[in-house]
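**Student:** What follows is each chain in one-letter form.
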Amino acid sequence: DTGVSQDPRHKITKRGQNVTFRCDPISEHNRLYWYRQTLGQGPEFLTYFQNEAQLEKSRLLSDRFSAERPKGSFSTLEIQRTEQGDSAMYLCASSSRQGGTDTQYFGPGTRLTVL
Amino acid sequence: AQRVTQPEKLLSVFKGAPVELKCNYSYSGSPELFWYVQYSRQRLQLLLRHISRESIKGFTADLNKGETSFHLKKPFAQEEDSAMYYCALTPNFGNEKLTFGTGTRLTIIP
Numbered sequence: 075d076t077g078v079s080q081d082p083r084h085k086i087t088k089r090g091q092n093v094t095f096r097c098d099p100i101s102e103h104n105r106l107y108w109y110r111q112t113l114g115q116g117p118e119f120l121t122y123f124q125n126e127a128q129l130e131k132s133r134l135l136s137d138r139f140s141a142e143r144p145k146g147s148f149s150t151l152e153i154q155r156t157e158q159g160d161s162a163m164y165l166c167a168s169s170s171r172q173g174g175t176d177t178q179y180f181g182p183g184t185r186l187t188v189l
Numbered sequence: 271a272q273r274v275t276q277p278e279k280l281l282s283v284f285k286g287a288p289v290e291l292k293c294n295y296s297y298s299g300s301p302e303l304f305w306y307v308q309y310s311r312q313r314l315q316l317l318l319r320h321i322s323r324e325s326i327k328g329f330t331a332d333l334n335k336g337e338t339s340f341h342l343k344k345p346f347a348q349e350e351d352s353a354m355y356y357c358a359l360t361p362n363f364g365n366e367k368l369t370f371g372t373g374t375r376l377t378i379i380p
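Here the protein sequences come in this chain order: S and A. According to this note's numbering, the stretch in the first sequence is residues 75 to 189, in order. According to this note's numbering, the stretch in the second sequence is residues 271 to 380, in order.
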């Protein structure tokens with residue numbers, strides 16, 4: 075296991091198209107997070123799962139965004155009707171609570187460009 | 271709502287000089303504070319967390335609740351310290367959501 079992986083690494087799409095990103099967490103990590111990072115900013119929390127349950131969603135996550143983790147393993151993030159403002163790096167992280175603490179391990183990210 | 275402020279977007283320091291990256295936070299409860307680092311062409315990774323009270327790669331950070339600060343320090347900078355540094359918090363122990371600052375790009379001048 076080489077860590078959190080994300081696919082694709084880069085995505086260029088036209089405004090109005092739908093896109094889907096995939097995240098594979100570290101094996102046996104029961105928590106999975108999605109963040110978005112725009113230029114010059116730190117990552118911003120979007121949503122997180124514990125196993126297959128989506129436990130929290132940011133108000134940043136509009137109705138056009140949906141995330142799933144159907145079997146408690148990999149997760150997908152879909153953006154419908156993309157807008158230019160959706161252009162960003164989408165980061166996935168996973169963690170497993172041990173000893174009351176929780177270290178999030180990040181993937182390399184998917185860079186989305188909406189033309 | 272919680273907030274993390276990193277006042278310096280860019281910081282340049284000569285090799286061998288001391289480094290201090292500033293981080294201030296606002297949160298009414300007892301947050302857990304972190305420093306994450308991103309080296310060139312690498313993924314974001316945890317550098318240290320305040321509850322561990324560890325020194326990682328020569329870096330330390332002390333949580334000052336009175337000043338609501340969590341500054342990152344290193345007495346002697348090395349060239350390999352050049353990277354992007356993010357301060358982050360979770361609202362309480364075991365809470366999952368990380369709130370990040372905007373980051374400081376540290377450049378070590380040889």
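Treat the hints with care, since some could be wrong.
Short derived list, chain S residues pointing at chain A, Cβ under 7 Å [claimed, not checked]:
1. 115
2. 119
3. 127
4. 139
5. 162
6. 177
7. 180
8. 182
Under the rule of at most 30 Å between Cα atoms (straight-line distance), these lysine-lysine pairs were calculated in the DSS-like manner [unchecked claim]:
9. 343(A) with 327(A)
10. 85(S) with 131(S)
11. 279(A) with 145(S)
12. 327(A) with 85(S)
Read the hints as simulated data drawn from the structure, not as lab findings. Only a predicted model underlies this, so the values are computations on that prediction, with no experimental measurement involved. The beta-carbon is built from N, C-alpha and C at its ideal position, and this holds for glycine as well.
**Student:** Are the hints correct? Go through all of them and say.
**Tutor:** Hints, verified against the model:
Of the supplied interface hints, the one on residue 115(S) holds, with its beta-carbon coming within about 6 Å of a beta-carbon of chain A, less than 7 Å. Annotation: residue 119(S) was flagged as interfacial toward chain A, and the flag holds, the nearest CB pair being 5 Å apart, inside 7 Å. With a cut of 7 Å, the hint placing residue 127(S) at the interface with chain A is violated, because the nearest CB-to-CB distance is about 12 Å. Against a cut-off of 7 Å between C-beta atoms, the interface hint on residue 139(S) is violated, since the closest Cβ of chain A lies about 16 Å away.
Given the 7 Å rule on beta carbons, the hint for residue 162(S) is violated: about 14 Å separates it from the nearest Cβ of chain A. For residue 177(S), the shortest C-beta to C-beta distance to chain A is roughly 5 Å, which falls under 7 Å, so the interface hint holds. Interface hint status for residue 180(S): upheld, as the beta-carbon distance to the closest one in chain A is roughly 4 Å, under 7 Å. Annotation: residue 182(S) was flagged as interfacial toward chain A, and the flag holds, the nearest CB pair being 5 Å apart, inside 7 Å.
Only pairs whose Cα atoms come within 30 Å are accepted, and residue 343(A) paired with residue 327(A) is accepted, the gap being roughly 11 Å. At most 30 Å may separate the alpha-carbon atoms for a hinted pair to count; residue 85(S) and residue 131(S) meet this at roughly 23 Å. For the proposed pair residue 279(A) and residue 145(S), the alpha carbon gap of about 40 Å is over 30 Å, so the pair is violated. For the suggested pair residue 327(A) and residue 85(S), the alpha carbons sit about 35 Å apart, so the restraint of at most 30 Å is broken.
Violated hints, listed in ascending order, are 3, 4, 5, 11 and 12; each of the other numbered hints is respected by the structure.
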